[in-house]
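Colleague: As a plain string of letters, each chain reads:
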Amino acid sequence: MDNAIEVEGLVRDFGGTRAVDGVDLRVPAGHVLGLLGPNGAGKTTVVRTLATLLAPTAGTARVGGFDVVREAARVREIIGLTGQYASVDEKLTGRENLILIGRLLGLKRREARARADELLGDFDLREAAQRPAQTYSGGMRRRLDLSASLVGRPRILFLDEPSTGLDPRARRDLWERVRQLQAGGTTVLLTTQYLEEADALADTIVVLDHGRVIAKGTAAELKARVGGRTLFLVVARPEQAAAASDRVAGMVGTQPQVDGETISVPVSDPSLLPAVLRDLDAAGIEVAELGLRGASLDDVFLSLTGRSGASREEPGAGEDAA
Amino acid sequence: MKAIDQTLALAWRSLVQVRRNPWELGDYSIQPILFLVLFLFVFGGAIAGSPENYLAFVLPGVIVMNMLFVTVYVGHGLNTDLTRGVFDRFRALPIPRWAPLAGRILADMVKQLLCIALLLVVGYLLGFRLETSWAHLLAMVALVLTFAVAFSWVMVLVGVIARDPEHVQLFGFTALFPITFVSSAFVPVDTMPTWLQGFVQANPVSLLADAARALMNADGPALEPALGSLAWALGIALVFAPLSVYMLNRRLARG
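Protein chains in written order, with my numbering: chain S, 1 to 322; chain E, 1 to 255.
Treat the hints with care, as some may be off.
[Unchecked claim] 20 Å max Cα-Cα, derived SDA-like pairs, lysine to any residue: (1) E:Lys2 x S:Arg109; (2) S:Lys108 x E:Pro96; (3) E:Lys2 x S:Ala200; (4) S:Lys216 x S:Asn39; (5) E:Lys2 x S:Thr305; (6) S:Lys108 x E:Ala3; (7) S:Lys108 x E:Val141; (8) S:Lys216 x S:Lys108; (9) S:Lys216 x S:Arg74; (10) E:Lys2 x S:Glu71; (11) E:Lys2 x E:Ala102; (12) S:Lys216 x S:Glu196; (13) S:Lys216 x S:Thr204; (14) E:Lys2 x S:Ile78; (15) S:Lys216 x S:Asp203; (16) E:Lys2 x S:Asp24; (17) E:Lys2 x S:Asn39; (18) S:Lys108 x E:Trp12; (19) E:Lys2 x E:Tyr124; (20) E:Lys2 x E:Leu106; (21) E:Lys2 x S:Ala73; (22) S:Lys216 x S:Ala200; (23) S:Lys216 x S:Asp24; (24) S:Lys108 x E:Leu8; (25) S:Lys108 x E:Asp5; (26) E:Lys2 x S:Ala72; (27) S:Lys216 x S:Ile78; (28) S:Lys216 x S:Gly9; (29) S:Lys108 x E:Lys2; (30) E:Lys2 x S:Glu77; (31) S:Lys216 x S:Ala72; (32) E:Lys2 x S:Arg113; (33) S:Lys108 x E:Val182; (34) S:Lys108 x E:Val122; (35) S:Lys108 x E:Leu125; (36) S:Lys216 x S:Pro38.
Honestly, the hints are just simulated from the structure, not real lab data.
If we strip away everything but chain S, and leave its shape as in the complex, we get (with noise of 0.2 Å):
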């Protein structure tokens, strides 16, 4: 299968920090990429990239087949771009704002206009057409931003954290989008912080992480890569809680992680359960809580960072800041 998306060495400094470190990145035509990571961690610096709107510091990034540096104007005609930072106009209605992009895709007026208003029916728009976008919910703005870059049926499509400041309904609603592009052929590489977000759409996860690729594979390769299950104990006594993460260390085989009166770790072998009791009665260590739950992909950032994953409670905050 043709690779819709090719990555290699792929270098990004900006003053003396370098955003992207050496990224390799294969995305074969047709499938969804999420590139996972916290604040900071390159994401879309190699977003804006691979959209031609940033040149690399060294390295080669093609796009449907074309250098995203030297065949910039091939790769703009075949991609289209939704995030953080490419926006619509706020003082143009929907439509308006449809219409200016199929002008400038090369669209004759009447063409444009059919194609506004195409999307803005399939994208649950039609009745805030005629109102500006400054008037939109954070879920019709990214709603609007993402039908302006479908405008030209792009093949391959970027979503930069597409799903950054919606409600709960108004992203299952943008995930439903997303496996409809999918379904329909379309390349999709999304960056985000949400993990679930990625375990949700993504046929590969590509996890980044101070502007590297520290792990990829499916979700559930990453899954299995630490155990597929973890254990998680809450003590009932919390100066006991150093004692019981050494006991279960010392039958896990790995170092739990402590935080207050819980203690989880990950395990591969589940019957492992009651031995942990037996032992930690046998300690005279009080526990409150025991059980066994599947790895998240919390647990997989845990896992490859030693750090937890996206920063949850503050959205939006501005990443790659460089």
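The hints should help you fit chain E onto chain S, whose structure is shown.
Modeller: Chain E alone, transformed into the frame defined by chain S:
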């Protein structure tokens, strides 16, 4: 042909925007009229003996001042596009690099033309009568528009450098007020202190106002100040256009 269509589409967009920006709309309609009427009736008696005598002197001055104030919106709009991400969307489209700027400056020309027409109509209603010919009037309009295109580059630079649209207004008007008022736009130069007259006479706003006045009132030589202001326009464009583009590319490369 395609590039021209794209530029026209971008110019259309800048003009349609005005509908939903009451402040901007006011700056193109109410503000010039307000300035003309205020200057005329408040200062007219003191400067020229009566508002009637002042009208022919002040109308070209207000046209020039208004032209300068309107250029601030070139920077304001550009900065809004840069800070809101609209500029990035344009850059990711298959259009020429210069089209967004060209579209904006073209839209600015239309706004400038409408403002000049409005001021001429209001001036006529207040009693102004052209002492020269239509050809002279057209030459005045062409001269003012040419200067506007050149001066727009100063505002493009302000739009590129400023953090947000509010700062564009702040920087823009802070720079414009002294060069507009320390000029011959509203008062005869010989009423000012001698130490100031040198600056006033070299000020491009004075040259432009003098040329516009001569082309409308036949009250002095037109060619010399017209050539002077064209030289200034050329100089401003030669300095500020490359500088603006350089700073714009630098801002865009910052990510």
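Colleague: Hints first: check each against the structure and report whether it holds.
Modeller: Evaluation of the provided hints:
About 13 Å separates the Cα atoms of Lys2 of chain E and Arg109 of chain S, which keeps this hinted pair within 20 Å; it holds. At most 20 Å may separate the alpha-carbon atoms for a hinted pair to count; Lys108 of chain S and Pro96 of chain E meet this at roughly 18 Å. Between Lys2 of chain E and Ala200 of chain S the alpha-carbon distance is near 41 Å, which puts this suggested pair outside the 20 Å criterion. Taking the CA atoms of Lys216 of chain S and Asn39 of chain S, the gap is near 18 Å; set against the 20 Å cutoff, the hint holds.
Proposed proximity of Lys2 of chain E and Thr305 of chain S is contradicted: the alpha carbons are some 50 Å apart, above 20 Å. Proximity of Lys108 of chain S to Ala3 of chain E is assessed by CA-CA distance (about 13 Å); at most 20 Å being required, the pair is judged to hold. Of the supplied pair hints, the one linking Lys108 of chain S and Val141 of chain E is violated, its CA atoms being roughly 33 Å apart against a limit of 20 Å. For the hint pairing Lys216 of chain S with Lys108 of chain S, the CA-to-CA distance comes to about 43 Å; that exceeds 20 Å, so the pair is violated.
About 29 Å separates the Cα atoms of Lys216 of chain S and Arg74 of chain S, which puts this hinted pair outside 20 Å; it is violated. A C-alpha spacing of about 19 Å is found between Lys2 of chain E and Glu71 of chain S, which places the hinted pair at or below 20 Å, so the restraint holds. For the suggested pair Lys2 of chain E and Ala102 of chain E, the alpha carbons sit about 14 Å apart, so the restraint of at most 20 Å is met. For a cut-off of 20 Å, the pair hint linking Lys216 of chain S to Glu196 of chain S stands: about 16 Å separates their Cα positions.
Pair hint Lys216 of chain S plus Thr204 of chain S holds up; C-alpha atoms about 7 Å apart against a cutoff of 20 Å. With a CA separation close to 18 Å, the supplied pair Lys2 of chain E and Ile78 of chain S stays within the 20 Å bound. Simply put, Lys216 of chain S and Asp203 of chain S have alpha-carbon atoms about 11 Å apart, close enough for the 20 Å limit, and the pair holds. For a cut-off of 20 Å, the pair hint linking Lys2 of chain E to Asp24 of chain S is broken: about 36 Å separates their Cα positions.
With a C-alpha separation of about 40 Å, the suggested pair Lys2 of chain E and Asn39 of chain S falls outside the 20 Å cut-off, and the hint is violated. Taking the CA atoms of Lys108 of chain S and Trp12 of chain E, the gap is about 15 Å. The hint holds against a cut of 20 Å. Note on Lys2 of chain E and Tyr124 of chain E: the hinted pairing is violated, with a Cα-Cα distance of about 41 Å set against a maximum of 20 Å. For the hint linking Lys2 of chain E to Leu106 of chain E, the alpha-carbon distance of about 16 Å falls within 20 Å, and the restraint holds.
With a C-alpha separation of about 14 Å, the suggested pair Lys2 of chain E and Ala73 of chain S falls inside the 20 Å cut-off, and the hint holds. The hinted pair formed by Lys216 of chain S and Ala200 of chain S meets the criterion: a straight-line CA distance of about 16 Å does not exceed 20 Å. Annotation: proposed proximity of Lys216 of chain S to Asp24 of chain S holds, straight-line Cα distance about 11 Å (limit 20 Å). Annotation: proposed proximity of Lys108 of chain S to Leu8 of chain E holds, straight-line Cα distance about 13 Å (limit 20 Å).
The straight-line distance between the Cα atoms of Lys108 of chain S and Asp5 of chain E is roughly 10 Å, inside the 20 Å bound, and the hint therefore holds. Our distance criterion of 20 Å between C-alpha atoms is met by Lys2 of chain E and Ala72 of chain S, whose separation comes to about 18 Å. Our distance criterion of 20 Å between C-alpha atoms is broken by Lys216 of chain S and Ile78 of chain S, whose separation comes to about 26 Å. About 16 Å separates the Cα atoms of Lys216 of chain S and Gly9 of chain S, which keeps this hinted pair within 20 Å; it holds.
Restraint check: the Cα-Cα separation between Lys108 of chain S and Lys2 of chain E comes to about 11 Å, which is no more than 20 Å; the hinted pair holds. With a C-alpha separation of about 14 Å, the suggested pairing of Lys2 of chain E with Glu77 of chain S holds against the 20 Å cut-off. For the given pair, Lys216 of chain S sits about 27 Å from Ala72 of chain S by alpha-carbon distance, which is inconsistent with the 20 Å threshold. For the hint linking Lys2 of chain E to Arg113 of chain S, the alpha-carbon distance of about 18 Å falls within 20 Å, and the restraint holds.
Between the alpha carbons of Lys108 of chain S and Val182 of chain E the distance comes to roughly 49 Å, so the proposed pair goes past 20 Å and is violated. Among the hinted pairs, Lys108 of chain S with Val122 of chain E is inconsistent with the structure: their alpha-carbon atoms are about 39 Å apart, more than 20 Å. The straight-line distance between the Cα atoms of Lys108 of chain S and Leu125 of chain E is roughly 43 Å, outside the 20 Å bound, and the hint therefore fails. Distance check on the hinted pair: Lys216 of chain S and Pro38 of chain S sit about 15 Å apart at the alpha-carbon level, within 20 Å; holds.
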